[in-house]
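Novice: Work out the full structure, taking the sequences as your base and the hints as a guide.
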Amino acid sequence: MECVMGVVGRDFAVVAADTSAVQSILVHKTDEDKVMVLDSHKLMGASGEPGDRVQFTEYIQKNLHLYQFRNTIPLSTAATANFTRGELATALRKNPYMVNVILGGYDKDAGASLYYIDYISTLHKIDKGAFGYGSYFCLSLMDKLYHPDMTVEEAVDLIDKCIKEIRLRLVVAPQNFVIKIVDKNGAREYARRDLVGDNASVDAATTVTA
Amino acid sequence: MAMKVDMSALETNFSIPCLDDGDGMHLSADSPDVPSMVLPTCADFDGFQAATKDMVKNKRGTTTLAFIFDKGVIVAADSRASMGGYISSQTVRKIIEINPYMLGTMAGGAADCQFWHRNLGNKCRLHELSNKRRISIAGASKLLANILYSYRGMGLSIGTMIAGFDEKGPGLYYVDSEGARLVGNRFSVGSGSLYAYGILDEGYRFNMSVEEAAELARRAIYGATFRDAASGGCVSVYHVGPDGWKKLSGDDVGELHYHYYPVQKTPVEQEMTDAPSTSA
Chain A
1 MECVMGVVGR DFAVVAADTS AVQSILVHKT DEDKVMVLDS HKLMGASGEP
51 GDRVQFTEYI QKNLHLYQFR NTIPLSTAAT ANFTRGELAT ALRKNPYMVN
101 VILGGYDKDA GASLYYIDYI STLHKIDKGA FGYGSYFCLS LMDKLYHPDM
151 TVEEAVDLID KCIKEIRLRL VVAPQNFVIK IVDKNGAREY ARRDLVGDNA
201 SVDAATTVTA
Chain B
1 MAMKVDMSAL ETNFSIPCLD DGDGMHLSAD SPDVPSMVLP TCADFDGFQA
51 ATKDMVKNKR GTTTLAFIFD KGVIVAADSR ASMGGYISSQ TVRKIIEINP
101 YMLGTMAGGA ADCQFWHRNL GNKCRLHELS NKRRISIAGA SKLLANILYS
151 YRGMGLSIGT MIAGFDEKGP GLYYVDSEGA RLVGNRFSVG SGSLYAYGIL
201 DEGYRFNMSV EEAAELARRA IYGATFRDAA SGGCVSVYHV GPDGWKKLSG
251 DDVGELHYHY YPVQKTPVEQ EMTDAPSTSA
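Read top to bottom, the protein sequences are chains A and B.
Under this note's numbering, the first residue of the first sequence is numbered 1, with each subsequent residue one higher.
Under this note's numbering, the first residue of the second sequence is numbered 1, with each subsequent residue one higher.
Keep in mind the hints are simulated off the structure, nothing from the lab.
Quick caveat, the model's predicted, so the values are computed rather than measured.
Take these hints with a grain of salt, some might be off.
As the list claims (entries may be wrong) - Each computed PhoX-like pair below joins lysine-lysine, with the alpha-carbon atoms no more than 25 Å apart:
{"#": "1", "chain 1": "B", "residue 1": "123", "chain 2": "A", "residue 2": "29"}
{"#": "2", "chain 1": "A", "residue 1": "62", "chain 2": "B", "residue 2": "123"}
{"#": "3", "chain 1": "A", "residue 1": "164", "chain 2": "B", "residue 2": "4"}
{"#": "4", "chain 1": "A", "residue 1": "29", "chain 2": "B", "residue 2": "132"}
{"#": "5", "chain 1": "B", "residue 1": "168", "chain 2": "A", "residue 2": "62"}
Stated by the list, open to error - Here chain B is said to cover these stretches of chain A; the calculated rule only asks that three of the stretch's residues, wherever they fall, bring their Cβ under 8 Å from a Cβ of chain B:
{"#": "6", "segment": "16-30"}
{"#": "7", "segment": "52-60"}
Said to hold, decoys possible - Using C-beta positions, here's what the derived DEER-type ranges look like:
{"#": "8", "chain 1": "A", "residue 1": "25", "chain 2": "B", "residue 2": "168", "range": "31 to 37 Å"}
{"#": "9", "chain 1": "A", "residue 1": "40", "chain 2": "B", "residue 2": "257", "range": "55 to 61 Å"}
{"#": "10", "chain 1": "B", "residue 1": "155", "chain 2": "A", "residue 2": "149", "range": "37 to 43 Å"}
{"#": "11", "chain 1": "A", "residue 1": "73", "chain 2": "B", "residue 2": "169", "range": "23 to 29 Å"}
Every residue gets a Cβ at the ideal spot worked out from N, C-alpha and C, and that includes glycine.
Specialist: In structure tokens, the structure reads:
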């Protein structure tokens, strides 16, 4: 039921994910941040089994930092994507990580880029993509509404349309989402879309229209 | 990756017709495809028992909860241990005192929880001795989560909350044997947790007195024991403040029930009076 998606625009990439931590029918929390900031200019949105997700993304993050310590320059997004895929592939036939990843990054020379890495180490460089049940509703929307060189407002609007569709059509849909952006100024949280929980606007989900 | 929705609650577990030698009762089915129910007086009673035990799937028969509020952390739990339909103990200590400022709750396998909490206490003490400062709650929970992650898939059954007070203030983490580690303000774990969440979520406010918070926790655990068969016994409530934890109360849920729902004198509908004696 976890949804992760990403879109690339003019000189920026947006990665969004739901923020629910669910076990069977119980929602443990509605503000779990699944888009990890790997370093100053990279975002990794991950979905999958809870232990694997955190352990794998932290492993990638620490290795990225180690590379930067050793070599004084950060790893490029493409190299990071290939490194991530390699780690998933090495573990696959022994102790697989059940994690799907959307990696977004900004490099000075290559600009913004987005990578799709799934749990069996498939790697694709993409303009737009999504994982999870939400992807069934979002991918066609993205195919229709995406065009190259979108502005930030257009890209976030596309993500918002996807979130709206997920909330409308997915049974037991996640309620809250986080949207993060990476551009030449760095990787940061752009917005939250909260319907329930402590941070939701008052009675957002419980207003009754007579 | 298509994620599998857990439909195990909808599965039926009636065994195939018991073809016996003539003794033992069984309900015969109209066709081989229709499941028929095997009654206890069948030839293979041990097999039937084992199958029933598997069907029950003893998933953390307990209710524990913890939440952060402005005066620290409240941790509460019931005290029942059940094995299928048999209550093996009503006096289990499910709140484990890891060290004077950190508590852990027990849900799942009792041995697993007790051992690994004790082990965590050792590691926390070693950290204190090496680094000349107390370990943070985030650090302690990460130590435990990493250990449990390395044993993933090997059959550990632990659903625990690590609650405590450190330099950064109150801390609460949910850690389980699947490898999950979640930070949060309130959690409830166990078979009765859904019932406890109902009361906890409704009554929770960040600003409460210690008594109000303890009463909310007590009421939530009581509510869960009322509805969940695998929870019961006594409600223990602990408070963790800047100076460490303190046990606030331990109340039997049977007595709590009459405290919340005192016996009402029901209005008499019809009264029996003596018949007027008729002297013949």
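Novice: Would you mind marking each hint as holding or not holding in the structure?
Specialist: So, going through the hints one by one against the coordinates:
Of the pairs offered as hints, the one joining residue 123 of chain B and residue 29 of chain A is violated, with about 28 Å between alpha carbons and a cut-off of 25 Å exceeded. Between the alpha carbons of residue 62 of chain A and residue 123 of chain B the distance comes to roughly 23 Å, so the proposed pair stays at or under 25 Å and holds. Restraint check: the Cα-Cα separation between residue 164 of chain A and residue 4 of chain B comes to about 23 Å, which is no more than 25 Å; the hinted pair holds. Distance restraint check for residue 29 of chain A and residue 132 of chain B: the Cα-Cα separation of roughly 34 Å exceeds the 25 Å cut-off, and the hinted pair is therefore not satisfied.
Simply put, residue 168 of chain B and residue 62 of chain A have alpha-carbon atoms about 24 Å apart, close enough for the 25 Å limit, and the pair holds. Beta-carbon proximity to chain B at under 8 Å applies to 7 residues in the segment 16-30 of chain A; the threshold of 3 is reached and the given coverage holds. Coverage of a stretch by a chain is defined here by at least three residues with a beta carbon nearer than 8 Å to that chain's beta carbons; for the segment 52-60 of chain A and chain B the count is 3, and the condition holds. In this structure the hint that residue 25 of chain A and residue 168 of chain B lie 31 to 37 Å apart at CB holds, the actual value being about 33 Å.
About 58 Å separates the C-beta atoms of residue 40 of chain A and residue 257 of chain B, a value consistent with the hinted range of 55 to 61 Å. Checked against the given bound of 37 to 43 Å, the beta carbons of residue 155 of chain B and residue 149 of chain A, roughly 53 Å apart, lie outside it. Between residue 73 of chain A and residue 169 of chain B the C-beta distance comes to about 38 Å, which lies outside the given range of 23 to 29 Å.
Hint violations for this structure: numbers 1, 4, 10, 11, all remaining hints satisfied.
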